[in-house]
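S.K.: Sequence:
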Amino acid sequence: MQYKYTVLAATMAAVAFAQQNLIGIPTGTKAKPFTQPETITFFDGKMMEYGRGKPCGTDDDKGDLEAVFIIKPGGTLQNAIIGADSLEGVHCEGACTIKNVWFKDVCEDAITLKGNGPYLITGGGAQHAKDKVVQHNGKGTVTISDYKIGAVGKLYRSCGNCSNNGGPRNVVLDRISSFGPGTTSDLVGINSNYNDVATISGVCGPVKNMCQEFTGIEKDGNKESPHREPPIGACKGPQGQLKTAPAC
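Following the working numbering, the numbering of the sequence shown begins with 1 at its first residue and continues without gaps.
Hints are computed from structural coordinates only; laboratory data are not their basis. Bear in mind that the values here come from a model prediction, so they are computed numbers and not experimental data. Each hint should be verified, as a subset may be incorrect.
[Stated by the list, open to error] Cross-link-like lysine-lysine pairs, in silico, PhoX-like; alpha carbons within 20 Å at most:
1. K62 x K219
2. K46 x K32
3. K243 x K208
4. K72 x K30
5. K139 x K219
6. K99 x K30
7. K72 x K139
8. K32 x K54
9. K236 x K208
10. K46 x K30
11. K99 x K46
[As the list claims (entries may be wrong)] Simulated restraints, written as ranges between beta carbons of each label pair:
12. T35 x P246: 42 to 50 Å
13. Q19 x E224: 41 to 49 Å
14. G202 x F42: 24 to 32 Å
15. P55 x K236: 36 to 44 Å
16. T41 x G233: 35 to 43 Å
17. T27 x P230: 46 to 54 Å
18. P73 x D146: 42 to 50 Å
19. K30 x I232: 46 to 54 Å
No residue lacks a Cβ here, since even glycine has one placed at the ideal position from N, Cα and C.
All chains should be built: construct the whole structure from the sequences, respecting the hints.
M.R.: What follows is the structure, encoded as structure tokens:
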């Protein structure tokens, strides 16, 4: 009986933690859930909360069909909150701007980048992401600035095992604030064998590891790309070679 109560208490604690607002996400009026992805070229969400009415039951990749927003090449999404009732978040089909967009509880990835950049993610933030916040499957440069994270796996990962994988994929981080337990893995993961480069500055708060080089591979079932050993110095900028970040 004691074990039963212990498990129940642990479960309740986990649920309570998952509901914590670690990064100061604004409170927004909840919009009616979308029945299909909202495809946009420009959308100002006026700080309302958007979702699909589907709670997360797995962190498996669900693809475009479960996205909340799909941004067409050259498009912009701004001033929006993505709710916990979403299996996927925002997908960019090419170069895009994501400005002041907040993710309350990330199921698989908050943002998936396809096509060719550049991509700009500025303002806003994401929390409670078991895996990644930004998944970069396309090519080109991603700039992430003035961004907040809390209790996430990684902030950014260039695809480790995509079909027709390759690069270069580059990421620039500036003024990133990490809260709560921070990251459970590397803040940034890049494939240096594809000539990826990460340039990192202005990061504060708890991170398990600042930047990790991987060896990207062609898609092969669930096989994961290995660490690049020894690394070749593709993690650059004032904080690229640091292990941790100063307190915010």
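S.K.: Output the numbers, in ascending order, of every earlier hint that fails for this structure.
M.R.: Hints 4, 13, 18 not satisfied by this model.
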